[in-house]
Structure formats: structure tokens, C-alpha cells
Amino acid sequence: MTPGTTVALATLIGTLSRFVFLKVDYRQYPSYPQGYLIHLSLGAIAAFLGAVAIPALASKDFAAATFLALAAQQFREIRNLERTGLENLEEIELVPRGPAYIEGIARAFEARNYIAMFTSLLTSGVLYLVQASGLLKVSLAVFLSLLLVLYLRDSLRGARVGDYAEITPAQLSFKGSVLYVDEIIIMNVGSPQAREKILKHGLGAVLTPRDINARVTLANVGQRQAIVHDLATILGIRRDQDEPEFTPMARLDHDSGKVGVFTIPVNKDAEAMRVAIAHVPLLESAKRRPSSAISGRLAARRSGR
Amino acid sequence: MNGGDQIVAAVVTKETREKLAGDILVLLAQDDAELQTIATSLARITNSMIHELPTGVILLVRH
Chain A
518 MTPGTTVALA TLIGTLSRFV FLKVDYRQYP SYPQGYLIHL SLGAIAAFLG AVAIPALASK
578 DFAAATFLAL AAQQFREIRN LERTGLENLE EIELVPRGPA YIEGIARAFE ARNYIAMFTS
638 LLTSGVLYLV QASGLLKVSL AVFLSLLLVL YLRDSLRGAR VGDYAEITPA QLSFKGSVLY
698 VDEIIIMNVG SPQAREKILK HGLGAVLTPR DINARVTLAN VGQRQAIVHD LATILGIRRD
758 QDEPEFTPMA RLDHDSGKVG VFTIPVNKDA EAMRVAIAHV PLLESAKRRP SSAISGRLAA
818 RRSGR
Chain B
77 MNGGDQIVAA VVTKETREKL AGDILVLLAQ DDAELQTIAT SLARITNSMI HELPTGVILL
137 VRH
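Residue numbers (the numbering used here), protein chains in the order written: chain A, 518 to 822; chain B, 77 to 139.
Hints were generated in silico from the structure; no laboratory data involved. This structure is a prediction, so every number in the text was calculated from the model and none was measured. Glycine is no exception: its CB is placed at the ideal position from the N, C-alpha and C atoms. There may be inaccurate statements among the hints.
Between beta-carbon pairs, the in silico distance windows are [unchecked claim]: (1) B/E91 <-> A/R819: 26 to 36 Å; (2) A/G753 <-> B/D99: 35 to 45 Å; (3) A/K717 <-> B/A97: 51 to 61 Å; (4) B/H139 <-> A/G753: 16 to 26 Å; (5) B/D108 <-> A/E683: 19 to 29 Å; (6) B/A97 <-> A/F691: 46 to 56 Å.
Calculated pairs, DSBU-like style, for lysine-lysine (alpha carbon to alpha carbon, straight line, at most 35 Å) [claimed, not checked]: (7) A/K714 <-> A/K692; (8) A/K717 <-> A/K692; (9) A/K654 <-> A/K714; (10) B/K95 <-> A/K654; (11) A/K785 <-> A/K804; (12) A/K577 <-> A/K654; (13) A/K692 <-> A/K785; (14) A/K692 <-> B/K95; (15) A/K717 <-> B/K95; (16) A/K717 <-> A/K654; (17) A/K714 <-> B/K95; (18) A/K804 <-> A/K692; (19) A/K714 <-> B/K90; (20) A/K654 <-> B/K90.
Stretch-level coverage of chain B by chain A, calculated; a stretch enters the list once three of its residues show a Cβ under 8 Å from a Cβ in chain A [said to hold, decoys possible]: (21) 90-102; (22) 126-136.
Please take these sequences and the hints and turn them into a complete structure.
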């Protein structure tokens, strides 16, 4: 097999792996056709870089290998590109994603380019180094790439809010002008008409963290913003720009660590809300593990949580 | 809620008028019904939210 065929095949398989990830995560993906094209092209470039690495090294062309370092620099730009793009859109979102969610999405896009690169690196490595007949080598390379993609797809998917908290539908009520979700204070609503509308159309839920790690993670403001953003995206929201009363919110009860969530969806369906919250991704930047520290475990034991 | 919150105005009736002091725009309403209409329309105009203090004073706050 000529180096040219090796590189071409590896690039193709790497690009395909990028394509798989474009399809898997459609929910996080703003599905405009241009976005598909942009990320597929960048994925193809990444795949090409991964594909040439081993043939270049084997032919003692070390200059070509240093291009890999340049590539990593280039891919960091992808994170920037996604981040600025989404940040510019924040202003026109009725319920913003919040910086933590945006960072998570941007990182995912950068990481997926490395996947394309690794897959093509693996493919070209197998094609170049394994001594066997052409067809056997190709099948082995395809098989191994598929394994890699499936493995990464599972391990990169990450946890969901449902893994960290138990979600139960909750009662909305007013004490005076203060809105409560069960016993958790949400906000002060001064207008009687707004209060009436909230009681009629609003939905509440309470998130009970499963352990000390979940408690600290759910307390993160960025994570809570991500929850209300996804709720507004999935269930819709009865709100316009000049109606701050109907902004969905997630507020903390610091005695118990519970989070009270309030939203005004287009269709009032408590079960749909529960499922939507459970599927919100747990943000990398929100995740904390106090249980990994001795002092964290000690504090948790003493307070009984 | 990031420190950028700003009180736009207060709306009061005669009874709650004396519970306010300081440099703030105050709108006086005849009764509770007028209080609500003033508050609602001003909130729409200024893109702010109506809050009610336990003393009965209505505050418009831009969040």
C-alpha cells in the first residue's frame, strides 16, 4: 500500500468519525447547515494531520511531524470560535445559556476534533505498521477505529443532572408576594396579574442532591443556569423580553442543598419537565468532588450529609 | 442578579407614601387599582420587574 493511499484512507475514516459525533450530539448542536459544513471541514483537516504523522515519521521527515503541534494550536481556535459565537447570541436568548454551559459546548467541539485526529492516526498506524494483505489491514483499521469511536462516545458523554439528583415535581405557592417552590424561596413578584399567571401556567420541581459531591455541583450558578436554559429550550417558555416576572429560575436552599426550579412552559407537563431536567448535561466546569478530600469527607460526616 | 440591579422607581398610595425617603423617583397613585396599572405600564416601558415590599411599597427594579 502506498503512503498516499494510507493517508487518504486514514483521512476518510477520521472525517467519518467526526461526522458520527456531529450526529450524536444534535441537541447541543445549533443545527444550521453551515455549522455542519464548518465542523466537518475542520474535522477533515484534523484527520489529515493525524493521518500524515506516522508516514512522515517513518520516512524521517520530522518537520512534517512538528505540524501536529501547530495543529493543536489551530484547534484551540475552534474553542474560541464556538465560544465567541455563542456569547454573541446570549443577548438575544430569552433564557441565556450562561458562561459555564458555553464553555462546556466549546470544549466539546475542540475535543471532537482531536477524536478525528486520533482516529486517523490509529488508522494510518495500522495500515502502515501491520504486515498483512491490503484488505485484512483495512478491515482491521476500520474495526479498531470503530471501537475507539464507540469507546470515546460513551466516555465523553458524561454525567447528567439525573445521575446526581432526584427530581420531584413540586408545588408553586405565594406567601405574600414571594414565590415558593415547596419551601424554597424563588423570587418576589409584585404584580397580582403576574402571580395569577404563574400559578396558572407555572411548573415547579425540586432537585435533591444524592451526595455531598452532587450538592456542591448543583449549587454552581452555571449549572443551574444550564438547567433553566435547557428547560426553556425543550419545554418552551411563556415570556417575552419585557416580562422578567416569567424568567425561569433555579434557587438554592442552603439548609438542605436542594434546588428549587421554576419555569413557565408552553405546555404544562410536570413529567416532561422532570425528564428534561434529568437529561441536562452535568457541566465539566461545575463538577466538584469534595469527597476526594479528607476534610471534605469529615465535614460531610459531621453534618450528616 | 449580578450587582447590575437598579431601582427604577417606587409606586405608592397615600398610606404608603411616608414609608419612603431618599433620592428616588416616586409615583403617587389614588388607590390600589391605580397603583397596579401605573406599576404594570411603567414596568413594561422600562423593561423592569415589579416587586412588593412587606410594607406595601411597590418597587420597579431592572435586573
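Here is how each hint holds up against the structure:
1. B/E91 <-> A/R819: 26 to 36 Å: About 50 Å separates the Cβ atoms of B/E91 and A/R819, which means 26 to 36 Å is violated.
2. A/G753 <-> B/D99: 35 to 45 Å: 42 Å, holds
3. A/K717 <-> B/A97: 51 to 61 Å: With a Cβ separation near 37 Å, A/K717 and B/A97 fall outside 51 to 61 Å, so the hint is violated.
4. B/H139 <-> A/G753: 16 to 26 Å: Distance hint for B/H139, A/G753 holds at roughly 22 Å.
5. B/D108 <-> A/E683: 19 to 29 Å: 42 Å Cβ-Cβ, so the 19 to 29 Å window is violated.
6. B/A97 <-> A/F691: 46 to 56 Å: Once the Cβ atoms are compared, 28 Å apart, the range 46 to 56 Å for A/F691 and B/A97 is violated.
7. A/K714 <-> A/K692: 16 Å, holds
8. A/K717 <-> A/K692: 16 Å, holds
9. A/K654 <-> A/K714: Outside the cut-off at roughly 66 Å; violated.
10. B/K95 <-> A/K654: It is violated: about 84 Å lies between the C-alpha atoms, which goes past 35 Å.
11. A/K785 <-> A/K804: The given pair, whose Cα atoms are some 31 Å apart, holds under the 35 Å limit.
12. A/K577 <-> A/K654: It holds: about 23 Å lies between the C-alpha atoms, which stays within 35 Å.
13. A/K692 <-> A/K785: Answer holds: A/K692 to A/K785 is near 22 Å, not above 35 Å.
14. A/K692 <-> B/K95: 22 Å, holds
15. A/K717 <-> B/K95: Holds - the C-alpha atoms of B/K95 and A/K717 are around 33 Å apart, at most 35 Å.
16. A/K717 <-> A/K654: Outside the cut-off at roughly 64 Å; violated.
17. A/K714 <-> B/K95: 29 Å, holds
18. A/K804 <-> A/K692: 34 Å, holds
19. A/K714 <-> B/K90: 28 Å, holds
20. A/K654 <-> B/K90: Roughly 89 Å between the alpha carbons, so the hint for A/K654 and B/K90 is violated.
21. 90-102: violated (count 0)
22. 126-136: Satisfied; 6 residues make the cut.
In terms of the numbered hints stated before, the structure departs from hints 1, 3, 5, 6, 9, 10, 16, 20, 21, listed from lowest to highest.
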